[in-house]
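The listed protein sequences derive, respectively, from chains A and B. Just so you know, our numbering puts 100 at position 100 of the first sequence, and the rest follows in order with no gaps. Just so you know, our numbering puts 1115 at position 115 of the second sequence, and the rest follows in order with no gaps.
These are calculated hints, taken from the structure and not from any lab test. It cannot be assumed that every hint is accurate.
Claimed, not checked - Pairs of lysine to aspartate or glutamate residues, derived as EDC-like cross-links and limited to a Cα-Cα distance of at most 20 Å, are as follows:
hint, chain 1, residue 1, chain 2, residue 2
1, B, K1152, B, D1165
2, B, K1062, A, D55
3, B, K1006, B, E1057
4, B, K1152, B, E1073
5, B, K1087, B, E1149
6, B, K1329, B, E1075
7, B, K1442, B, E1400
8, B, K1142, A, D53
9, B, K1062, A, E57
10, B, K1082, A, E57
11, B, K1444, B, E1173
12, B, K1082, A, D55
13, A, K3, A, E57
14, B, K1152, B, E1075
15, B, K1082, A, D53
16, B, K1329, B, E1136
17, B, K1340, B, D1183
18, B, K1347, B, E1057
Claimed, not checked - If you want the footprint, here are the derived chain A segments under chain B, 3+ residues with CB under 8 Å:
hint, region
19, 2–15
20, 19–28
The beta-carbon is built from N, C-alpha and C at its ideal position, and this holds for glycine as well.
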Amino acid sequence: MEKVYLCKFSELAENQVKKIENKAHGDIAVYNLGGQVYATADLCTHATASLADGDIEDDMIVCPVHWGQFHIPTGKAQGFPCEIDLRTYPVEIDDDAIYALVEVDANMIAKG
Amino acid sequence: MSNIIKTLDVTERLDNLKQVCDLDEGRIAGEIFYSQSIYEQELEKIFARCWLFVAHESQLVKTGDYITTTMGEDEVIVVRQKDGSIKVFLNACPHRGNKVCFSESGTTRGFICNYHGWSFDTAGNLVGQHESGIYEASEFDKSKWGLREVAKVDTYKGLVFATFDPESPSLQEYLGPMTWYLDALFDNQEGGTEFVGGCIRSTYECNWKIAAENFVGDILHAGWTHDSAARAMLGGAVAKVSDFEESYSVNWNGHGYEFALDTVGNVAVLGESKLNRYIHTIKPSVAERLGDFRSNMIASVSSCTIFPNFSFLPGQNTVRVWQPRGPNKIELFTWVVVNKSAPDDIKEMWRKGAMMTFSPTGVFEMDDGENWEYCTKTAKGRVTAKQDLYVGLGMDTFMEDTHLPGNVYQGQLNEANSRAFYQYWYDLLSAHTWSEVPNRNKGKVEAE
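Generate the whole structure from the sequences, applying the supplied hints.
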């Protein structure tokens, strides 16, 4: 398990999503849903798109390209064209710092 | 910008135009309402060049609000941008040409093509495709394949116009002094106007010009064509226009406004006395804002066409575009315009009133439809199409000595505006470039 620093909690406004670049594990999207922080992979599982460029609607992230939706807390794909769930990461908040706990998965690294 | 549309190569002008349209002699021929070759020239030399009405700003309130319409036969999307500006795109995917937006209006994040999942944001940028990796592998340049954007968009008092032609004059120059008259309806109260209700769409089997010309300056037909409708709505005949002491026909660049100064003649045909009272109530404030003269125009016996196909009736407050659909067919888009500041019950009365009178179910509209269809259909006859049609009323009525702007003619029972409309039509069909369009305006640019 690797602890990856994402951003400061104080710099993530309510109902905001930010993309954190990460070469090793793939970019991570970090969300503040009404004070609750979540992290998922940033790359849409359908086509090339940064989910952080999308809109948050309730507890869904809407992909900016084909408007597919994922459930932010669980990463569940909500229907066409998104059918593969999004990878999610547990988060830890230490003082003002948000971390994602990334399971180092040989498979994931191989896929890039 | 790479996504600006390609402009058309200019084709040769038709060689028989003088035979079908000679306004110095006050004649046209029915052929101009039925000929396929003339129609194709119109799509290129008029609809792909002129400023065309596409929307009212009240239809596009917030970011992502859009409407779909047509410019000539070209389908377009009109959409409000994040920065508050308005963009107009061809409603066709730059991949295989499929239509990307099928609804008439709404609010959206963008437009996604049903065919291969090409996705565009509201600024028209291509943001992705289904199987995007394939495109990336062939070094596809997304920035060059956004929705095709029209050359220019501009607004006047809430009216949004667009043109496909980067060489066209500015909207201000195109409208010229007609704006002074447009203000009588579109800027007579603080806050301006808005459309209420949706767009009413209907079709006629008539040529677009016969309808546009009716609004540019043909009040003459009303007392005869609309007699029975007027008796139903008003309980009496249409006002006898020749009895008006003062009335005018004004034109510029083929646009025309004909009007009396009776204040309420048009609104009266809606048969709602509350609307007449509303007009009388606002009149003093209009006089303060626009002067006494135009305060007499706000709902008077009057009509207007902005060349080529945007028309309205002050008072009935019906606004329409005669969309060309072939030489002998139009799709009519109709909206109802009201002052934003008007009370809600007044707005609602206007919406219903316009439907009772000037809409597919309206008692006045159907009177016109029958006439316009047969003005067009008789020209199906090869011999009939070649015969002269008279458009010569009021040849010597130009007013040299007037404070009014534009080309001003005495009296609204006058075919001066119709002649100016067909002259501009002739001039555009004859011109390869805008600089070849002769300036026939001889009136004042500004009011005195």
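Tested hints:
A C-alpha spacing of about 7 Å is found between K1152(B) and D1165(B), which places the hinted pair at or below 20 Å, so the restraint holds. The hinted pair formed by K1062(B) and D55(A) meets the criterion: a straight-line CA distance of about 16 Å does not exceed 20 Å. For the suggested pair K1006(B) and E1057(B), the alpha carbons sit about 27 Å apart, so the restraint of at most 20 Å is broken. For the proposed pair K1152(B) and E1073(B), the alpha carbon gap of about 18 Å is at most 20 Å, so the pair holds.
For a cut-off of 20 Å, the pair hint linking K1087(B) to E1149(B) stands: about 7 Å separates their Cα positions. With a C-alpha separation of about 16 Å, the suggested pair K1329(B) and E1075(B) falls inside the 20 Å cut-off, and the hint holds. For the proposed pair K1442(B) and E1400(B), the alpha carbon gap of about 9 Å is at most 20 Å, so the pair holds. Proposed proximity of K1142(B) and D53(A) is supported: the alpha carbons are some 17 Å apart, at most 20 Å.
This hinted pair checks out: K1062(B) and E57(A) have alpha carbons roughly 18 Å apart, not beyond 20 Å. Between K1082(B) and E57(A) the CA atoms are separated by roughly 19 Å; this keeps the pair inside 20 Å, and the hint holds. For the proposed pair K1444(B) and E1173(B), the alpha carbon gap of about 13 Å is at most 20 Å, so the pair holds. About 14 Å separates the Cα atoms of K1082(B) and D55(A), which keeps this hinted pair within 20 Å; it holds.
Distance check on the hinted pair: K3(A) and E57(A) sit about 28 Å apart at the alpha-carbon level, beyond 20 Å; violated. Between K1152(B) and E1075(B) the CA atoms are separated by roughly 16 Å; this keeps the pair inside 20 Å, and the hint holds. Taken as a hint, the K1082(B) and D53(A) pair is honoured in the structure, with Cα atoms around 15 Å apart against an allowance of 20 Å. For the hint pairing K1329(B) with E1136(B), the CA-to-CA distance comes to about 45 Å; that exceeds 20 Å, so the pair is violated.
Simply put, K1340(B) and D1183(B) have alpha-carbon atoms about 14 Å apart, close enough for the 20 Å limit, and the pair holds. With a C-alpha separation of about 17 Å, the suggested pair K1347(B) and E1057(B) falls inside the 20 Å cut-off, and the hint holds. With 0 residues having a Cβ less than 8 Å from any Cβ of chain B, the region 2–15 of chain A misses the three-residue criterion, and the hint is violated. Here the region 19–28 of chain A counts 0 residues with a CB under 8 Å from a CB of chain B, which misses the bar of 3, and the coverage is violated.
Consistency with the previously given hints fails for numbers 3, 13, 16, 19, 20, ordered from lowest to highest.
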